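Asks: Assemble the whole structure, with the sequences as input and the hints as a guide.
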Amino acid sequence: MKKIAFLLTLLIAFSACNSDDDNAAPQFLISVSHSHNWDGENVSSDDIGITEFTNENGEVLKITRLRYLISKVILTNSTGDEISIEGTNDYNLVDLSDNNTLNYATNIVVPPGTYKKISFVYGFNEEDNVSGAYPDLNTANWNWPGGMEGMPNLGGGYHFMQFDGTFAGPGIGDDQVFNYHNGTARVSDGVFEQNFITVTAENLSINSNTVIDIKMNLAEWFKNPNTWDLNELNTGLMGNYNAQIRMNQNGQSVFSVYLGD
Amino acid sequence: MRYFSILLIACFFLSCSSSDDSSNYAPTPVNLEIPPLFNTLLLPPLIPIDNPQTLEGIALGRKLFYEPLLSNDGTQACANCHLAENSFTDPNRFSTGINGDIGTRNTMPIVNLAWNFQNNFLWDGSASSLEDQANDPIENPIEMNNNWPNVVATLQATEIYPELFEQAFGTSTITKEVVTKAIAQFERTLISGNSRFDQYLLGDNNAVSVQEINGFNVFMDENRGDCFHCHGNEFNPLWTNNAFHNNGLDASFEDLGLGGFTGDPLDYGKFKSPTLRNLAYTAPYMHDGRFATLDEVINHYSEGLVYSNTIDPLMKNIAEGGAQLTDSDKADLKAFLLSLSEPGFTTNPAFLNPN
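In order, the protein sequences belong to chains E and C. Heads up: the first sequence runs through residues 0 to 260, numbered per numbering that gives the first Met the number 0. Heads up: the second sequence runs through residues 0 to 354, numbered per numbering that gives the first Met the number 0.
Treat each hint with caution, since some may be false.
[As the list claims (entries may be wrong)] Footprint (simulated), chain E over chain C, 3 or more residues, beta carbon under 8 Å:
#	region
1	35-44
2	301-314
[As the list claims (entries may be wrong)] Taking CB as the label site, the calculated pair distances span:
#	chain 1	residue 1	chain 2	residue 2	range
3	C	Gly202	E	Thr78	48 to 54 Å
4	E	Pro25	C	Pro148	58 to 64 Å
5	C	Thr95	E	Asn102	45 to 51 Å
These are calculated hints, taken from the structure and not from any lab test. Small disclaimer: the values here were computed from a predicted structure and weren't measured. All C-beta atoms in this analysis are idealised placements derived from N, C-alpha and C, irrespective of residue type, glycine included.
Replies: If you want it as structure tokens, here you go:
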């Protein structure tokens, strides 16, 4: 019995040594974080329905709902190899009210060093934006009208964002609503323009476990380059081509991405 | 080495004796019958790991669903307020309990609940699973007014139930947990996915009328019905988002809805979006059954919206009362909504009273 126990101990000891002896370069874990601000002031779920924000045009608004889609988070190393940073899918439906969607770990590990770029897509690119293709997004009712013959058609695929809220009207109790919904832009019957945005940051270094921090400045949706007048553009914007394109233009300065510890 | 041999022999005998324990308990696994559109467009149904669907469990749950012994005086079953012919809701605005007490909310239909991935059931989201949901009506003083020790003792004293629980769960000792598990298994089989509109989506162009297609266009038009943001679309065959909204019914709230459960004032007046399936059988409508007809429902969203602090921004033109649909749009929308009803669901023999 003693002999068997000794042999067993020896075996375990050698197995352990084996894995320690790998002598591989250190690998660092990647996680993803989505954070939100209004011109630098942090915005969180605690602000929903409570905090008043003043947009560039002077309207005072409250956030009721903020959900948006981020896809294709990709880290590119110095030799040009792409590392797809996946959570549960190749996309993430971010919901300001649900902290589980704001921070998530991945099982991606990368070696230390300098990386050429980190990039992601706000929304889906044309190839990925396929009507009905993603069961979890269908269940979340995230579809954008279109995609089936004979059905109402705004280009199909999925919403990129639903930013809903209220803004002050002329008197108490006169609050108005807005649905800043973004997705494929319908030019005319059967003619559509892709409306996604690719965001990139270049020349980054990784020397420890790293958080990819994707930041959204909500104020930018309303000001740059188009000063957004909520009194004019508040609801019914999904099929409004000009509104959709302006959202895309303003969206170019909404996002930024950083690597942090 | 001798000790090692003894250990091996002991393990062998232990494993033998544990399989002897399972004697007659061999429930038959059952897969839910998933409609084709659900299969391709939705995530798989949510089946709790500790309550898999079995032939015996479903049959027991069905029997219990129709069992009046669950109520305090043995007069009322789940099915008294969840009628199969009404898509498992109550045609009365409020249900009446065993003592003649009247409820304050319209009974919710039981349809496609295995696809409620948010796991929040009832109008106010206060039940966290189908198993949990089955607790309340039994204990609620204005419903079945019973208590679990009494339910368990009553079922245990019958000739038939201990054996049925043995077959379904491997124990003839009845508990609250196995009763609610069985009922939940049956409720998960209440699947509706074969309406005329489903058939249309599956390729039968003759399944719906031109008016019904026009109605779907109203439904999907953000500037007219804009129903799709809460109630599904051709790629979400649940026809609900299973979320909570204040849909502009009242300026102030007697029933706080979700807010009464969470305690958060921002949730006051929010109620679960119900599925639009089987509306032909589920009148009256809204959480309090205030609308007797679909026409009244459509008129509400068209002209009847009322502002309150928590109103959902998806309610449009609130100052004018709503979407301002034309009579023609209203008629088309109603026709489309009714095309989501499935007569076969309400008469499915597998769902009817087995007792």
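Asks: Look at each hint and say if it fits the structure.
Replies: Consistency of the hints with the structure:
no.: 1; hint: 35-44; verdict: holds (count 4)
no.: 2; hint: 301-314; verdict: holds (count 7)
no.: 3; hint: C:Gly202 <-> E:Thr78: 48 to 54 Å; verdict: holds, 49 Å
no.: 4; hint: E:Pro25 <-> C:Pro148: 58 to 64 Å; verdict: holds, 60 Å
no.: 5; hint: C:Thr95 <-> E:Asn102: 45 to 51 Å; verdict: holds, 49 Å
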